[in-house]
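Student: First to last, the sequence lines map onto chains A and B.
Under our numbering, the letters of the first sequence match residues 7 to 92, in that order.
Under our numbering, the letters of the second sequence match residues 3 to 394, in that order.
These aren't lab readings, by the way, just hints derived from the structure by calculation.
Please read all numbers here as calculations on a predicted model, not as lab measurements.
Please note that the accuracy of each hint is not assured.
Unchecked claim - In the SDA-like style, the derived pairs of lysine to any residue whose C-alpha atoms are separated by at most 25 Å in a straight line are:
id, chain 1, residue 1, chain 2, residue 2
1, B, K179, B, Q136
2, B, K148, B, S133
3, B, K101, A, S44
4, B, K316, B, F29
5, A, K10, B, R383
6, B, K101, A, E11
7, B, K108, B, S133
8, B, K179, A, D63
9, A, K49, B, K179
10, A, K49, B, S277
11, A, K12, B, K330
12, B, K316, A, K84
13, B, K326, B, K220
14, A, K84, B, H309
15, B, K198, B, F29
16, B, K220, A, V62
17, B, K101, A, M48
18, A, K10, B, H310
19, B, K101, B, E144
20, B, K381, A, E18
For reference, the chains in residue letters:
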Amino acid sequence: MDNKEKVRMFIEDNLIRYDEETIFSDEDNIFSMGFVNSLFAMKLLNYIESEFSITVDSDELELSNFSSVNNIISFLNKKAGTANNS
Amino acid sequence: MIGLLSREQKEKYTEFGKFVQSNVQPFAWEWEINECIPREVIDKCAEAGYMGGILPEEFGGQGWDHLTYGVFTEVVAKASTSLSGLFNVHTMVMKSILKWGTEEQKQKWLPSMTQGKVLGALALTEPEAGSDIQGITTTFTETEDKIIINGTKRWITFGGLADVFIVFGKMNGQDEKATAVIVEKNAPGLNVVQIKNMIGFKASALAVLEFDNCEISKENVLAKPGFALSHIAPYALDYGRISVAFTALGIMRGCLEYCTSHVLKRKTFGEKLISHSTIKEMITKMGVDYEAAAHLCIHSCHDKENHHPSSAEKVIIAKYFTTKAARKHSDNAVQILGAMGCNESHPVARYYRDTKTLEIIEGSNQIIEMILGNSFARKYRSSEIKAGLGSK
Ligand SMILES: Cc1cc2nc3c(=O)[nH]c(=O)nc-3n(C[C@H](O)[C@H](O)[C@H](O)COP(=O)(O)OP(=O)(O)OC[C@H]3O[C@@H](n4cnc5c(N)ncnc54)[C@H](O)[C@@H]3O)c2cc1C
């Protein structure tokens, strides 16, 4: 499974909508669509840190880094680039 | 419970028990009456290294794992829920600074907090916003080098004794800029008013914090504006819920110990109380729930230790189950002890009062039902569908 699929699956497992028709694109802002509960932001951060073995620093806390599947993937790629360059 | 611990954790359990037996148990009743815990007791906890138990050694902590912290809370809470409240809020503040603070903030606060020289409290709730934390109206206004705070916080555990607070509000009043700041108790414009007559946590020095153009340095902002309610508060409350779950576990343990001693001695109608089937049923349910709650609490700590993404949910489940069970069994404990349990000088009377508040704090059990109800509905329905068993 590639990273995008992994992240999508994590988000799908944590939606608070029960209807099977709930769909969101890789570009959709999952927070503003109201699909997640108050624990989700912390859970997502926990997931990203443990699944991809990275630490998200306080100054990397930007809603835009975590708001959609594509943004999370870009953030992970950026982190991987930084790690490779250091 | 004890059987589920590692050798080191068992040794700690015994050490904590001895400490509590000499320094907490004999005085807990007096603290309840006076509605305060003397500073010397906190100094003794600090000397024993307990103020920063769960913090890393580099900041003066003991590097305990989550379960050791839980076990510590259980042992303390059995003797004094009020004192367990101190470790709860102090830990939430230290952990938040450790996770979100700048290097300067960590160096400034953590060593003195682990040594117990500085006590922390967490100020989220307001007169008009409790469960609905998004509704807080405390404002932080930026000037060139300062933040000006206006607003009121209420029901702040150890607010009356703390030296430093993490305070939640909104930067320039903007909803999307929820922010947490670190405020020292002597900041100009902060007035602390102690609250008396709580039914539970009577000696936990609850307070109202009034901020009237209170000035702090901009360096005291914790992490970036915008993340206080989505990340900082849930992160802190996750630790709070571990504390509350183990506090309830300690209370259940206490109920079991006092009740079993009593039913084996006390006779009615020529028989020991334990011989009566209704009493046996109460003791059975108490023991079974204690064991079940211990498993949930321990499991949630293991998940937290391993940074498992679902650990927050496991902690919530443990908090929910354990506080509800403690509520029920403290009620039964009073019943089993009869009039003795109705007197304030008996610990089960305190358990009876304290367990009511445990169902309200760190996310009330109704709010937990909102979260878990949705989550379970989705989780189990989707696994049924994934397995191809679902009916449309
Ligand atoms: C002993 C004690 C210590 C505390 N310590 C602290 C502290 O250190 N720091 C801090 O910031 N706060 C603290 N609090 C405050 C605590 O966090 C709040 O009391 C709690 O969040 C509930 O808020 P509330 O009391 O305003 O009740 P409300 O939010 O007004 O709720 C009232 C009742 O309605 C229920 N309810 C609310 N919304 C819903 C809903 N949507 N559906 C169904 N039921 C609902 C609640 O469960 C509750 O039973 C403390 C409280 C106590 C009692």
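Student: Of all the hints given earlier, name the ones this structure violates by number, lowest first.
Tutor: Of the numbered hints, 2, 4, 6, 7, 10, 11, 12 and 13 do not hold.
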